[in-house]
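Participant: Use the sequences and the hints to build the structure in full.
Protein sequence lines correspond, in order, to chains A and B. Counting from 1, position 48 in the first sequence corresponds to residue 48 in the UniProt record's numbering; the numbering is continuous, with no gaps. Counting from 1, position 197 in the second sequence corresponds to residue 197 in the UniProt record's numbering; the numbering is continuous, with no gaps.
Incorrect hints may appear among the rest.
Pair by pair, the computed Cβ-Cβ distance ranges are [stated by the list, open to error]:
id, chain 1, residue 1, chain 2, residue 2, range
1, A, Asp250, B, Asp9, 50 to 60 Å
2, B, Pro149, A, Tyr114, 57 to 67 Å
3, B, Pro139, A, Glu132, 56 to 66 Å
4, A, Val136, B, Arg141, 47 to 57 Å
5, B, Asn77, A, Phe103, 51 to 61 Å
6, B, Lys93, A, Phe103, 21 to 31 Å
7, B, Lys93, A, Tyr114, 31 to 41 Å
8, A, Val133, B, Lys108, 34 to 44 Å
9, B, Asp197, A, Val136, 57 to 67 Å
Calculated from the structure, these hints are not laboratory results. Beta carbons: idealized from backbone N, C-alpha and C, even for Gly.
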Amino acid sequence: RLLAEAVVHFPATLVEVTLGAGAGGKIGLRNYVEEEQGEPGGGGARGTARNGTPARPPRPPAEPARTVVTELWLAEDEFQEVAVAPGSCITFCLKEFRGLLTFAEASNLPLTIYYDVPGRPAVFTLDDPLLEVHLVLATLADPESGSRSPTANGASVSPAPPDDFADDLESYMMAVETSAYEGGSGAPPSPTFPLRTPGPAHSEPEEEQEEEEAVPGTPPHKKFRSLFFGSVLTPGEPRLAPTQEVLAEDSDGEY
Amino acid sequence: MRFRAKIVDLACLNHFSRVVNTVARLAKTCTLRLAEDKLYFILSDKVANGGVSVWCELCQGNFFDEFQMEGVAAEHNEIYLELVPENLSRALKTAQNAKTVKIKLTNKHCPCLTVAVELPSLSSTSRIVTHDIPVGVIPRRLWSDFREPSVPDFDVSIYLPVLKTMKSVVERMKNLSNYIVIEANLSGEMNLKIETDLVSVTTHFKDLGNPPWVSDDESPSSAQGKDLESMAEARIDIKKLLQLLAGQQVNPTKALCNIVSRRIVHFILLHEDVSLQYFIPALA
Numbered sequence: 001r002l003l004a005e006a007v008v009h010f011p012a013t014l015v016e017v018t019l020g021a022g023a024g025g026k027i028g029l030r031n032y033v034e035e036e037q038g039e040p041g042g043g044g045a046r047g048t049a050r051n052g053t054p055a056r057p058p059r060p061p062a063e064p065a066r067t068v069v070t071e072l073w074l075a076e077d078e079f080q081e082v083a084v085a086p087g088s089c090i091t092f093c094l095k096e097f098r099g100l101l102t103f104a105e106a107s108n109l110p111l112t113i114y115y116d117v118p119g120r121p122a123v124f125t126l127d128d129p130l131l132e133v134h135l136v137l138a139t140l141a142d143p144e145s146g147s148r149s150p151t152a153n154g155a156s157v158s159p160a161p162p163d164d165f166a167d168d169l170e171s172y173m174m175a176v177e178t179s180a181y182e183g184g185s186g187a188p189p190s191p192t193f194p195l196r197t198p199g200p201a202h203s204e205p206e207e208e209q210e211e212e213e214a215v216p217g218t219p220p221h222k223k224f225r226s227l228f229f230g231s232v233l234t235p236g237e238p239r240l241a242p243t244q245e246v247l248a249e250d251s252d253g254e255y
Numbered sequence: 001m002r003f004r005a006k007i008v009d010l011a012c013l014n015h016f017s018r019v020v021n022t023v024a025r026l027a028k029t030c031t032l033r034l035a036e037d038k039l040y041f042i043l044s045d046k047v048a049n050g051g052v053s054v055w056c057e058l059c060q061g062n063f064f065d066e067f068q069m070e071g072v073a074a075e076h077n078e079i080y081l082e083l084v085p086e087n088l089s090r091a092l093k094t095a096q097n098a099k100t101v102k103i104k105l106t107n108k109h110c111p112c113l114t115v116a117v118e119l120p121s122l123s124s125t126s127r128i129v130t131h132d133i134p135v136g137v138i139p140r141r142l143w144s145d146f147r148e149p150s151v152p153d154f155d156v157s158i159y160l161p162v163l164k165t166m167k168s169v170v171e172r173m174k175n176l177s178n179y180i181v182i183e184a185n186l187s188g189e190m191n192l193k194i195e196t197d198l199v200s201v202t203t204h205f206k207d208l209g210n211p212p213w214v215s216d217d218e219s220p221s222s223a224q225g226k227d228l229e230s231m232a233e234a235r236i237d238i239k240k241l242l243q244l245l246a247g248q249q250v251n252p253t254k255a256l257c258n259i260v261s262r263r264i265v266h267f268i269l270l271h272e273d274v275s276l277q278y279f280i281p282a283l284a
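Facilitator: What follows is the structure, encoded as structure tokens:
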């Protein structure tokens, strides 16, 4: 319930929120503004779905100045139990989280959040003698760190990405998209760096078709539920790395 | 350039939120002018806005418990900011039962108006939510763009009917036409008319009363020379009118409009501590 009250402060269209453990025993929530892409949320999706151009319309260079940044700090003693490493923080998708909160509030169950380093998934659990709920959300990878783990649904504002980690995000999303379209094969069509340029071009028409089929106004991240079941894309590795832990199995095994 | 203000009283906060909501419905971007004793929300008439202009004046003492402002220079002790009122409105929306709300001008990655809301919470320390609303600082050389618009040389000035009634009438009319004709005379009669190929609808209001204006240069006797029955009319965009009416959550103390035939309609809404002027140009 506490968290439900907290998320009210964030605008309904906000895509991602950062949860962090700050100094002085406070837990903070902050809306996350993507550096490269300016306004988070539905704007980019509309651009790609409606016009049929093969190249994504280029977004204006970052306007992070134009979005309202909201920050909320909660005291540790507002939580029932806190065990966090100070300075740790993760960024995840707010929309799915809100859904879970609505459910948790209605069922009056305590919510526990388990998280690791940025990039590793975060698990939200509700426990009850009768019911156990685990929500696994991908978290945004820290661009400075070397890890190339799956990232959150940045593709809702998918423009032509420049050449840093957002690129991996792009190609990962591309891979997941295509694989979802092809029936969840799990093996991305263009997993390696050199092939990435033709990759997006290849999956573009498919993606656009998918988007057009979607109900107008449907937020694009509804499609990316496949994130939970997706495989980890690590550039240079054509296969699913065996050391990667799959937290939730792809349930549609049949094609 | 510094600005800090604090609202402690819940009623003041609600009132301020309502004003900001109203402004948010009228303009996407507007100018906030901070003076020593007043705040102004200004939208100047540009083609991009469809020629409408807004002038909303608030007495800071009626809202803020603390108000400290240092303008750009000693002789020009004011600050002009460009902001999106919708952002401010949303930030205040979550502050409905706050203990205090502080607004300050800060410089994060860009100049921001930081709204810090202190909310009651279960723990010992209250919860603080901050919203950093990016604003643009308007340089002094552009301040002359935002002067208070003068009251036009109107043909008719009349009190408006109950805004709720007027709003429901205009809302229905909006479905039929994009333009509405407002006409009124000095006998307290006003008509709202729309006309399409298929139908024309007119709503008549009577006994509205005409506000007495004291003119500086003309003697009062000249007013009697005017024909009390003749209507001054203006055809305006119905959506603009509806934006004004829909944004009113509280009935104003005084609501009137001045019509310059076929040129402009000037609405004045007065509450105890807020005055709102809205100009809608007439269309051919």
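Participant: All hints, please: hold or fail.
Facilitator: For each hint, the structure was consulted:
The hint said 50 to 60 Å for the Cβ distance between Asp250 of chain A and Asp9 of chain B, and at roughly 57 Å that hint holds. Against the hinted window of 57 to 67 Å, the Cβ-Cβ separation of Pro149 of chain B and Tyr114 of chain A comes to about 59 Å, which satisfies the hint. Checked against the given bound of 56 to 66 Å, the beta carbons of Pro139 of chain B and Glu132 of chain A, roughly 60 Å apart, stay inside it. For the hinted restraint 47 to 57 Å between Val136 of chain A and Arg141 of chain B, the CB-CB distance of approximately 56 Å keeps it satisfied.
Hint check: Asn77 of chain B to Phe103 of chain A, Cβ distance near 54 Å, so the stated range 51 to 61 Å holds. Roughly 24 Å separates the CB atoms of Lys93 of chain B and Phe103 of chain A, a value that falls within the hinted 21 to 31 Å. Taking 31 to 41 Å as the suggested C-beta distance range, the pair Lys93 of chain B and Tyr114 of chain A conforms, at roughly 32 Å. For the hinted restraint 34 to 44 Å between Val133 of chain A and Lys108 of chain B, the CB-CB distance of approximately 38 Å keeps it satisfied.
One distance hint, 57 to 67 Å for the beta-carbon pair Asp197 of chain B and Val136 of chain A, holds here, with the actual separation near 60 Å.
Of the numbered hints stated above, none is contradicted by the structure.
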